[in-house]
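Enquirer: Given next are the chains, with one letter for each unit.
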Amino acid sequence: MSEAQVPSTSEDFPPPILVGGRENLGGLVAGVLGLLLLSVVLGVVMPGIPEPGNGVRSSAIGFSAAAQEGRQIYLEQGCGSCHTQMIRNVVPDFGLGPVTLADTNQVIGYRRYGPDLAAIGDRTTDQAVLLGILRGADGHPTVSAINDDEFANLTAYLMESK
Amino acid sequence: MEAISTGDRESTPGLAETADGRAIGYEGVAVGYLFGSAAFLAIGSLVWLAALTSVRFPNLLPFSHGHLRPIALTLLGLGWIVLGLSGGIYHVLPRLTGTPLVAGRLAQLALPGTVAVTVVGTVVVALGWGDGREPFALPQWLDVPAVALLAVPALVTLGTLRKRHERSLYPTIWFVVAAVVWLPALYLVASLPGLNRLISTLADLAFSYGFFHVWGLGLATGLAYYVVPKAAEQPLASRQLAKVGFWSLAFGAIWSGAAQMVAGPLPEWLQSVAAVLGLALPVAAVANATNIALTIGPRWRRITAEPVLAAAAAGAAFAALATIFGAIAGFRSAAVIVSLTAFWDGLFYMTTFGGIVLLFAAFAWHVLPNMVGRKVDAGRAMTLVRRNIFFASMTSLFLLVAGIATGYGWVGGAFTGSYTAVGEGWTQTSGLSGVLFGLAILFGVGALIAQMGVALSIYRVLTSGRATVQEVLVPGSNDRE
Numbered sequence: 001m002s003e004a005q006v007p008s009t010s011e012d013f014p015p016p017i018l019v020g021g022r023e024n025l026g027g028l029v030a031g032v033l034g035l036l037l038l039s040v041v042l043g044v045v046m047p048g049i050p051e052p053g054n055g056v057r058s059s060a061i062g063f064s065a066a067a068q069e070g071r072q073i074y075l076e077q078g079c080g081s082c083h084t085q086m087i088r089n090v091v092p093d094f095g096l097g098p099v100t101l102a103d104t105n106q107v108i109g110y111r112r113y114g115p116d117l118a119a120i121g122d123r124t125t126d127q128a129v130l131l132g133i134l135r136g137a138d139g140h141p142t143v144s145a146i147n148d149d150e151f152a153n154l155t156a157y158l159m160e161s162k
Numbered sequence: 001m002e003a004i005s006t007g008d009r010e011s012t013p014g015l016a017e018t019a020d021g022r023a024i025g026y027e028g029v030a031v032g033y034l035f036g037s038a039a040f041l042a043i044g045s046l047v048w049l050a051a052l053t054s055v056r057f058p059n060l061l062p063f064s065h066g067h068l069r070p071i072a073l074t075l076l077g078l079g080w081i082v083l084g085l086s087g088g089i090y091h092v093l094p095r096l097t098g099t100p101l102v103a104g105r106l107a108q109l110a111l112p113g114t115v116a117v118t119v120v121g122t123v124v125v126a127l128g129w130g131d132g133r134e135p136f137a138l139p140q141w142l143d144v145p146a147v148a149l150l151a152v153p154a155l156v157t158l159g160t161l162r163k164r165h166e167r168s169l170y171p172t173i174w175f176v177v178a179a180v181v182w183l184p185a186l187y188l189v190a191s192l193p194g195l196n197r198l199i200s201t202l203a204d205l206a207f208s209y210g211f212f213h214v215w216g217l218g219l220a221t222g223l224a225y226y227v228v229p230k231a232a233e234q235p236l237a238s239r240q241l242a243k244v245g246f247w248s249l250a251f252g253a254i255w256s257g258a259a260q261m262v263a264g265p266l267p268e269w270l271q272s273v274a275a276v277l278g279l280a281l282p283v284a285a286v287a288n289a290t291n292i293a294l295t296i297g298p299r300w301r302r303i304t305a306e307p308v309l310a311a312a313a314a315g316a317a318f319a320a321l322a323t324i325f326g327a328i329a330g331f332r333s334a335a336v337i338v339s340l341t342a343f344w345d346g347l348f349y350m351t352t353f354g355g356i357v358l359l360f361a362a363f364a365w366h367v368l369p370n371m372v373g374r375k376v377d378a379g380r381a382m383t384l385v386r387r388n389i390f391f392a393s394m395t396s397l398f399l400l401v402a403g404i405a406t407g408y409g410w411v412g413g414a415f416t417g418s419y420t421a422v423g424e425g426w427t428q429t430s431g432l433s434g435v436l437f438g439l440a441i442l443f444g445v446g447a448l449i450a451q452m453g454v455a456l457s458i459y460r461v462l463t464s465g466r467a468t469v470q471e472v473l474v475p476g477s478n479d480r481e
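Chains as they are written, first to last, in this note's numbering: chain L, 1 to 162; chain W, 1 to 481.
Please keep in mind that the hints were generated in silico from the structure rather than gathered at the bench. Positions of the beta carbon are idealized from the N, C-alpha and C atoms, including for glycine. It is possible that part of the hints are untrue.
With a straight-line cut-off of 25 angstroms between C-alpha atoms, the simulated DMTMM-like cross-links for lysine to aspartate or glutamate are [unchecked claim]: (1) L:K162 <-> L:E150; (2) W:K243 <-> L:D149; (3) L:K162 <-> L:D138; (4) L:K162 <-> L:D149; (5) L:K162 <-> L:E69; (6) W:K230 <-> W:E471; (7) W:K230 <-> L:E23; (8) W:K163 <-> L:E23.
To be clear about the criterion: a stretch of chain L counts as covered by chain W if any three or more of its residues have a C-beta under 8 angstroms from a C-beta of chain W, and this derived list gives those stretches [unchecked claim]: (9) 23-30; (10) 105-118; (11) 125-137; (12) 143-155.
Reference excerpt, derived from the structure (chain L facing chain W, CB under 10 angstroms, subset only) [as the list claims (entries may be wrong)]: (13) I17; (14) V19; (15) M46; (16) P47; (17) I61; (18) S64; (19) A66; (20) V99; (21) H140; (22) M159.
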């Protein structure tokens with residue numbers, strides 16, 4: 001370190017080892033901010049600009065009011081930690097349903113520990129079956145903290161997800 | 001001399017002196033943060049293991065993975081990593097700038113504030129009132145105080161740097177500046193209301209990875225740049241390498257997020273851009289690990305007796321390994337197999353419980369004795385380093401392999417049509433990947449004990465350990481005011 005860090009009685013102390021360099025604080029801050037901005041623009045803003053969908057599954061096909069409530073519950077219960085609603089244009093997702101597009105209004109999710117639910121409404125049309133799963137059938141994690149109305153909304157969201 | 005707690009007295013002239021001659025500035029702040037964070041490391045590690053368990057055994061625990069996951073991430077992220085590394089910042093800033101903390105009182109107040117947001121956040125998410133968005137799932141009304149609190153390190157850091165007496169900027173400062181600027185800004189972006197579903201997911205992923213890479217790994221590495229030269233009594237091997245390590249880190253930080261969505265609803269160009277820019281991350285981590293290894297230099301021969309150096313070296317190596325795997329997983333051919341699987345939880349495990357825990361331990365073990373005046377038991381610390389290395393490696397390894405097995409299972413399932421009836425994903429928790437996942441949890445128990453040991457070792461400095469020389473910041477003669 002420069003003179004500011006040099007100990008006063010040099011015999012008592014080892015020589016300084018954390019030697020800094022002449023650096024411009026403003027330049028550092030500007031560089032850091034610049035890279036942040038670049039990352040956000042390139043990684044979040046630009047890819048998020050909606051493209052015209054193909055009308056198969058898009059926000060143009062709205063959810064009913066109940067299903068929108070249900071989507072909120074789906075988020076609050078953290079279903080997206082285990083389920084995606086994102087069918088990709090790749091072999092592993094073949095046969096799941098129509099590919100998810102950029103204007104999706106479903107919950108994309110973060111992990112796929114359970115099946116993809118983008119087209120669950122195509123597979124499962126029986127509300128009782130869905131309720132069974134959510135109440136722990138097949139060893140599925142039980143959803144217990146919500147009331148009957150909320151269960152109805154959640155299953156509406158699932159059944160309209162197609 | 002003992003490996004750890006060299007108790008090196010160092011004088012940092014330039015500290016302002018109060019009217020009655022006290023010259024401490026806000027030394028206690030850093031200690032408070034470090035002690036606070038250790039508790040969250042212990043609890044967060046426990047809940048993260050519970051979260052992993054809840055994937056494999058969904059109804060074993062009263063909470064589902066959908067809640068345990070964000071709760072664990074909040075405890076680890078906001079509780080341990082933000083507090084612990086803020087403590088690091090508040091410790092090194094006065095020493096590297098020759099200036100007492102500016103707005104130290106604010107830093108003091110932010111500690112209980114952050115603890116409160118963390119605790120309230122976990123309760124709220126457990127009750128099902130979270131917003132389900134990674135990493136923390138905090139509802140909007142908690143995002144506001146969270147952003148305000150996360151802005152405090154930025155205010156303190158930039159304020160202190162503006163008044164600094166030491167003109168040169170040591171590399172640790174670079175990492176600190178990047179971390180404090182990125183953290184609140186990215187959090188703000190990710191919590192803006194009214195984003196559409198795609199942007200909000202991209203923003204969540206950008207925040208999650210930006211946070212764990214720039215604040216978590218980056219800052220922990222920056223702090224290693226502070227303690228390794230001191231513990232090894234060697235100057236930093238290379239400023240150039242540190243520069244590469246620093247700028248590449250900021251370049252590559254967020255792109256692992258896009259890797260989750262490769263072949264999903266992303267423009268084609270972004271998938272290439274993300275894969276290529278993502279390569280900067282392993283470049284950074286390898287540069288930093290090399291630099292740390294070179295700085296340790298002749299001390300390598302005695303590394304098994306020097307827990308600070310051993311922990312720093314191992315932590316940096318974990319970081320390098322995890323970022324290399326992460327970059328590979330960002331390319332399309334790999335991403336279609338491992339995205340969305342346990343593979344990425346394996347990488348998270350390696351980064352957090354391999355990399356950040358060990359780098360944090362290295363820092364705490366070196367600075368706490370100087371601050372509170374008691375030694376860390378070197379033998380015990382070394383055992384913790386060994387255990388952490390072994391169990392974190394095994395746990396991440398099995399998660400990585402479980403993810404790969406799942407990915408290939410999906411491909412197979414798609415060809416036979418066996419998954420179309422139920423959707424895919426079954427193989428994550430059954431069959432081969434189920435077994436591998438179970439093994440990961442088993443080794444995770446050993447890892448948890450080691451993580452708890454690190455947390456405990458921090459408190460032990462208070463209660464036991466032989467006395468050592470305390471570091472005292474003395475008022476300098478070159479004060480401007």
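Enquirer: For every hint, state whether the structure bears it out.
Expert: Here is how each hint holds up against the structure:
no., hint, result
1, L:K162 <-> L:E150, "holds, 20 angstroms"
2, W:K243 <-> L:D149, "violated, 57 angstroms"
3, L:K162 <-> L:D138, "holds, 23 angstroms"
4, L:K162 <-> L:D149, "holds, 22 angstroms"
5, L:K162 <-> L:E69, "holds, 17 angstroms"
6, W:K230 <-> W:E471, "holds, 13 angstroms"
7, W:K230 <-> L:E23, "holds, 22 angstroms"
8, W:K163 <-> L:E23, "holds, 15 angstroms"
9, 23-30, "holds (count 4)"
10, 105-118, "holds (count 13)"
11, 125-137, "violated (count 1)"
12, 143-155, "holds (count 3)"
13, I17, "holds, 5 angstroms"
14, V19, "holds, 6 angstroms"
15, M46, "holds, 7 angstroms"
16, P47, "holds, 5 angstroms"
17, I61, "violated, 13 angstroms"
18, S64, "violated, 17 angstroms"
19, A66, "violated, 18 angstroms"
20, V99, "holds, 8 angstroms"
21, H140, "holds, 6 angstroms"
22, M159, "violated, 14 angstroms"
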